[in-house]
Structures are given as C-alpha cells and as structure tokens.
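Enquirer: Sequence:
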Amino acid sequence: MSGVRAIDLAPTIAYLLGIPAPADSTGQVLMDAVVQPTPTPTPPPTATPTPPPPPSGSDSLTARVFIDQRCDSFFQAGVDVNLPDVLVTLTFPNGATMSRQTRPFGLVNFSGFDASGGVTVSAALPESYRGFALNTCPGSSASVDLQPGEFQFRYKFVQFRTQIVGEAVGP
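Under the working numbering, think of the first position of the sequence shown as 11, with each following residue one higher.
Since the hints were made in silico from the structure, they are not lab data. Check the hints yourself; a few may be wrong.
[Stated by the list, open to error] Label-pair distances were calculated between CB atoms; the ranges are: (1) G159 to A87: 28 to 36 Å; (2) V89 to F167: 14 to 22 Å; (3) P47 to N104: 45 to 53 Å; (4) T48 to T107: 39 to 47 Å.
Model, not experiment: these values are computed from the prediction. Every residue, glycine too, gets a C-beta built ideally from N, C-alpha and C.
Turn these sequences into a full structure, and let the hints guide you.
Expert: Next up, the structure:
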C-alpha cells in the first residue's frame, strides 16, 4: 500500500463515551485503519491552438476536379468524368485553411476570402475510380500556388485533372 496511514479515532472516542463499538456477526469489534490514497496530480489541460480564420475579402474561386480522358485540359461532356466528393482546400499565407468537397458535377466554390497574399489550392485526388487506377495528367498536379495577379475581377477558376492508367485495380 502506498500513501499515508491514518487511524480512525471514532472507536476510541466511542469507548471513552461508553458507546458500544460496532461488531460483526461473531461479536468481534470492528476496527480498521483508514488508508488515504496518494493524490495524483491532474495534468494541466493542453490547449489545441485554434487556427487563424481565413482572411476575409471579396475574392472567389471555383475548382473543377475531373477525369480528363485525353489529358487535353478541356472538359468535354460525355467523354470526361466529373469527380464528386473530392476534398479541395485553400491554404493562406497565415496558415488558415478553407476546405470543401466537390459536388456531383465535380465543382466546388469558395468565396469571401482575400487572396492579396496569394493562396494555395489543393485537391485530395482519389487513387482510383470505379476500380481503375488514377494518376494526374501531365501538366496537372494536386496543388497549385496562385498569386494575387492571377485573380481576374477577383475571381479564379482552377482545374485538377486526372486520368485512368492501366487496367482495373481490384475485383
């Protein structure tokens, strides 16, 4: 046992006052030493730093994520395939981020931010689609750094293009 031992003085005081001591079923007087547990110090709470908010402003951006069958940089309906539910993130110089998922048509919109310090746009491109392996098209990447001058009329459109490579991966 660890900790501090303390003696319960209640039976002694009860004896001196003539109060009968508690006994068990055999008539034995119950006396016990009380063990005080060693207190365990509570660690101070660790604060998770709150990331700064994105800088507010009037800039906006639309991103399209799709399978570019020909890797020609142009989305062609009926040939190319929009990729829904892809996480697209804007990262600002102060470390703030804004993230959203593409909708069924492979598009996602961001608005109300200030891009005067530049912004990095990245997409968490899937590794496969319907059993086929995917890879970024030549000249495309999963991330692009935008400078303030690239926003025309405070708006920018970016594309993340991927292509099917090889045979089906999986059953």
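Enquirer: Work down the list of hints and note, for each, if the structure agrees.
Expert: Against the structure, the hints come out as follows:
| no. | hint | in the structure |
| --- | --- | --- |
| 1 | G159 to A87: 28 to 36 Å | holds, 31 Å |
| 2 | V89 to F167: 14 to 22 Å | holds, 20 Å |
| 3 | P47 to N104: 45 to 53 Å | holds, 48 Å |
| 4 | T48 to T107: 39 to 47 Å | holds, 45 Å |
Consistency note: the structure conflicts with none of the earlier hints.
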